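There are 2 protein chains.
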Amino acid sequence: MKKSLRSIARLHCKNNIVLQIRNASQVLPQFSSLKYKIERKNFGVVDSSDVGFFKSILDEQRVLTDENDILPYNIDWLKSCRGQSKLVLKPKTTKEVSKILKHCNERRLAVCPQGGNTGIAGGSVPVFDEIILNLALMNKVINLDDVSGSLVCEAGCVLENLDNYVRDRGLIMPLDLGAKGICQIGGNVSTNAGGLRLLRYGNLHGSILGIEAVKADGTVIDCLKSLKKDNTGYHLKHLFIGSEGTLGLVTKVAIHCHVQPNAINLGFFGIKNFGNILTLYQRAKSNLGEILSVFEMADFDSINSTIRNLNLRNPIADYPFYVLMETHGSNEAHDHEKLMKFLSNEVETGLILDGTVTSEPAKIQSIFKIREGIASAGFQEGYVLIYDVTMPLKNYYDLVPMLKKRIGDKALQVYGFGHIGDGNLHITIVVPEYNKEVISLIEPYVFEEVSKVNGSISAEHGIGIRKPQYIHYSKDQSALQLMRDLKKLMDPNGILNPYKVLPDL
Amino acid sequence: MKKSLRSIARLHCKNNIVLQIRNASQVLPQFSSLKYKIERKNFGVVDSSDVGFFKSILDEQRVLTDENDILPYNIDWLKSCRGQSKLVLKPKTTKEVSKILKHCNERRLAVCPQGGNTGIAGGSVPVFDEIILNLALMNKVINLDDVSGSLVCEAGCVLENLDNYVRDRGLIMPLDLGAKGICQIGGNVSTNAGGLRLLRYGNLHGSILGIEAVKADGTVIDCLKSLKKDNTGYHLKHLFIGSEGTLGLVTKVAIHCHVQPNAINLGFFGIKNFGNILTLYQRAKSNLGEILSVFEMADFDSINSTIRNLNLRNPIADYPFYVLMETHGSNEAHDHEKLMKFLSNEVETGLILDGTVTSEPAKIQSIFKIREGIASAGFQEGYVLIYDVTMPLKNYYDLVPMLKKRIGDKALQVYGFGHIGDGNLHITIVVPEYNKEVISLIEPYVFEEVSKVNGSISAEHGIGIRKPQYIHYSKDQSALQLMRDLKKLMDPNGILNPYKVLPDL
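Chains as they are written, first to last, in UniProt numbering: chain F, 1 to 505; chain Z, 1 to 505.
Hint data in this document are derived by calculation from the structure and do not stem from the laboratory.
As the structure is a prediction and not an experimental result, all values here were calculated from the model.
Among the clues, some could well be false.
Pairs involving identical chains hold if they fit within one copy or between any two copies, as the list cannot separate such chains.
[Said to hold, decoys possible] No farther apart than 20 Å at their CA atoms in a straight line, the calculated lysine to aspartate or glutamate pairs in the DMTMM-like style are these:
(1) Lys404 - Glu449
(2) Lys341 - Asp50
(3) Lys35 - Asp145
(4) Lys86 - Glu67
(5) Lys452 - Asp222
(6) Lys285 - Asp47
(7) Lys452 - Asp354
(8) Lys487 - Glu433
(9) Lys272 - Glu433
(10) Lys272 - Asp66
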């Protein structure tokens, strides 16, 4: 079954750089069930009466059954996972979601919740014939309190749209991701997305004020308070943050937005070695303190591959490592002074070999384009494997040279980049084509090495379908048992996003 | 059974202003079981073989059975709750906690976990004969990574001790409470304590990196990772944050500490009316942005009662309202300039009627003493009722005049103060003595009013024993049911902190 990927491209290729797809002549990805050797569980099979029921609660055009229409929803952004769903439902209200799930639960029909489908762990596409519950039409802003900064909105709102909305009112969203033009806030919450500015604005467990979610049986759990302090009983909303749609489906979100900074500066620097990046980071933290909003690193190959494949321009010369540093502050003159003092110092110490600093929005955007392009740059050259891990800072970059040595010339590229501020390293490995032998060199090796230094085998992209069998490298048996107990409690029939997150016993 | 409160004073009165106790000639508080009309549940009764078992795993002096020794552990800080425990256990290790809980679970013996015992909802003292598991001896720092700012420590560490420890290494704890000299980090986590600087450093769901907790059956749940990003399965640690020891006992904590600010400024201002406080807050947020760390309000009676009862000095004249504002920044000159510009503007606009600003540590401390003293000031004058609610900012202060009018001259004092930055209002009502008639004027009235504006009936002090019957004002039935389901899952025999948090069906 060879098909063009053009229909997928239509769904994915908005104006966002991360969504460059590979050559349209490539074949469709292998079915996930075959690739990951998964057996279908004993769920019900959708029949015409189910479709009839769904059409009775949604209008017809929100019940997709045509194979071509459904194809893009079956394939993930990395084009490494492919499901076999025959039904996509696009609810517009929580009530519709509740009715759908109640029916599915009674009929034991499995469901795959789907947001912007920009994850890299295959969590947002089905494995077999799960019904895809796509939240894209639940995209309304419900309320914004611009004094307290509380935004309440539906789960299908695209992150960038929300950011534009709150910026018009003097605020910014507390998270920013490369995929912001497509990813949805419900998906961000369900995967506990981190992104570039976690260093400054914290994680979603801190920023999310309230959640409305629907349990597998259709019960609506309303924890949609938009208060900054609310200690009334168990903090249920956190059950839905990062559980990848396996405990409930997030339908609405209340989130704390910060005051938009008056001054933004971006610097891009060449650095001699990784040790110097760590020293620079520590000095930036103590000298720039409260205005430091982004501190990213990328090695030479990351930047080189990106500028080459995406036709971008490196604003400085070639260096072994690069640092991208941003400040957000309330006073332009103060921020500039702090930054200049810090930079001139560090140029003198030799930590910064060369660099450029700008506060011009167009230049800022063009430098960020390089950073945001790294994730998808490799797609131009071959089959891309991405690893997303957290490492203690002193070991942060170790894995890249170790993998280079281990894989040798079987890989076209092995490069590392990521968020120094939170220890999150992304490793991209480009191989000529999908190749089990190469993968067996990498997995579980990479997870073993992460585990040895008490890192995390999934920093911000979750477990999805790609890592359940490796989760024990990051979670011990009692924690896994508690996860299983929670799953059984919240979704006794196991219909929500099956085959994901939890390993088989 | 009338006893002097001196032994309680010995336990509580360290050097912290919040722990002023009432006149030692006062009688002991009424038993909570009588006050709140609670019936003992069908738990086992501790016998000599249980005590023998506990002595076999702890040394003798960590098993308290003497009535006088136990008394202070049975009474809460507000002196409004009193339990009837006959056994206090003081474990030093997680293994000991695990063995104790396993035994208690098998024998159906109820347990009351206890940290610093500084809450106001009666959550940390028993109701009947629950065994008190006091964590004070689990007070070791395990590790501090001063590059990433991750502190790992045992649950019984006193917050102020931790803050002193990390300050010596250039960091600060992300939370600061009036009770810091006594409260323990495990209790802070279990009650999701907020405090003064939540505005700047966020809440504990954001700051806590990892938790080790022991379930009712003795199983140790190890989620003690000290990573800033870790999306490997369910985020179990959040089950233990704010569940007041009813789902598990927190034994170790990993927490993110921030860089210690180079410059600290504190201002104390007189304000004409509450509306002006809100306008000032909004302007402070946009002009001081990233350096604003505290924005507190107090009405005239709060400050007046405090300086009168605690023999303090008001650094400015009498005003209807006061604002306490702090900045934390990396550059003294910049912060000073920002602050002076902001203040001279707002003096000119008339929002600030008068004020004082200081960066001298001794002066900062003396002004903070006034703010921190408000909570306990009323103890000198009578029986104190404290309400801790979150309100939408526009309604923030409404409750205080409403309560004044409603209670009339039956109260000696009704005053309001709190954290504007997160909508958390504390209301103190001082009555000549405990009086059911007055309480019936306040409860459930105050919770009904909070509920009408979608506030929270408990902002930061939890539900404890004081509010289970009112929790429905903040949680709907499906959320309550999910809470019950979680409790049953995690603690099927209901031995952990019974009678607290969850209302009876």
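inquiry  = So, against the hints stated earlier in the document, which numbers end up violated here?
reply    = Hints 2, 3, 6, 7, 8, 9 and 10 contradicted; others consistent.
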